[in-house]
Amino acid sequence: MLKDTVDGTFTLAKQSDVIANGEQANNMQLVAYAKGQAVTNDASFEEVPLGQDIPPLQLIEVTGDIAAITKAQKATGRTLVFDNEVFVESEVRRVAGFR
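Sequence positions in the sequence shown follow my numbering and run 1 to 99.
It is worth saying that the hints were derived from the structure and are not from the lab. Be a bit skeptical, because a hint or two may be false.
As the list claims (entries may be wrong) - With a straight-line cut-off of 20 Å between C-alpha atoms, the simulated EDC-like cross-links for lysine to aspartate or glutamate are: (1) Lys35 to Glu91; (2) Lys14 to Asp65; (3) Lys3 to Asp65; (4) Lys14 to Asp4; (5) Lys35 to Glu46; (6) Lys3 to Glu85; (7) Lys71 to Asp53; (8) Lys3 to Asp17; (9) Lys74 to Glu61; (10) Lys35 to Asp17; (11) Lys3 to Asp83; (12) Lys14 to Glu91; (13) Lys35 to Asp53; (14) Lys74 to Glu89; (15) Lys3 to Glu23.
Please put together the full structure from these sequences, using the hints given.
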């Protein structure tokens, strides 16, 4: 497992781009994401077998009922990867990641 940090001053879209670029460049996929120290987010990645597709990660700010969000994502074929507090634009926000 590889651990890294992502800048918590970034927008959620920018964080998603940083994670996606790291996944593709290193043939790994994000398996955990949470608020770290000093406005950074801790990201944990697992290696993906060479040639295996890495489904796109969708980061969603949770402003309501996570069960409803999860149900809506499940209807599109995505499953919940994590649901944690993270830094977004230097503020703590609840974010869920789906694949």
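Hint check:
1. This hinted pair checks out: Lys35 and Glu91 have alpha carbons roughly 10 Å apart, not beyond 20 Å.
2. With a C-alpha separation of about 24 Å, the suggested pairing of Lys14 with Asp65 is violated against the 20 Å cut-off.
3. A distance of roughly 29 Å separates the Cα atoms of Lys3 and Asp65; the hinted pair therefore is violated under the 20 Å criterion.
4. A distance of roughly 16 Å separates the Cα atoms of Lys14 and Asp4; the hinted pair therefore holds under the 20 Å criterion.
5. In summary, the hint linking Lys35 to Glu46 is supported, as the alpha carbons are separated by about 19 Å, within the 20 Å threshold.
6. Between the alpha carbons of Lys3 and Glu85 the distance comes to roughly 17 Å, so the proposed pair stays at or under 20 Å and holds.
7. For the suggested pair Lys71 and Asp53, the alpha carbons sit about 24 Å apart, so the restraint of at most 20 Å is broken.
8. A threshold of 20 Å between alpha carbons decides the hint, and for Lys3 with Asp17 the separation of about 17 Å falls inside it, so the pair holds.
9. As the CA atoms of Lys74 and Glu61 are separated by approximately 16 Å, the hinted pair is consistent with the 20 Å bound.
10. Restraint check for Lys35 and Asp17: satisfied, since their Cα atoms lie roughly 18 Å apart, inside the 20 Å limit.
11. Of the pairs offered as hints, the one joining Lys3 and Asp83 holds, with about 18 Å between alpha carbons and a cut-off of 20 Å not exceeded.
12. Proximity of Lys14 to Glu91 is assessed by CA-CA distance (about 15 Å); at most 20 Å being required, the pair is judged to hold.
13. Between Lys35 and Asp53, the direct Cα distance comes to roughly 27 Å. Violation of the 20 Å bound is thereby established for this hinted pair.
14. Using a Cα cut-off of 20 Å, the hinted pair Lys74 and Glu89 is violated, with the two alpha carbons roughly 28 Å apart.
15. For the proposed pair Lys3 and Glu23, the alpha carbon gap of about 12 Å is at most 20 Å, so the pair holds.
Consistency with the previously given hints fails for numbers 2, 3, 7, 13 and 14, ordered from lowest to highest.
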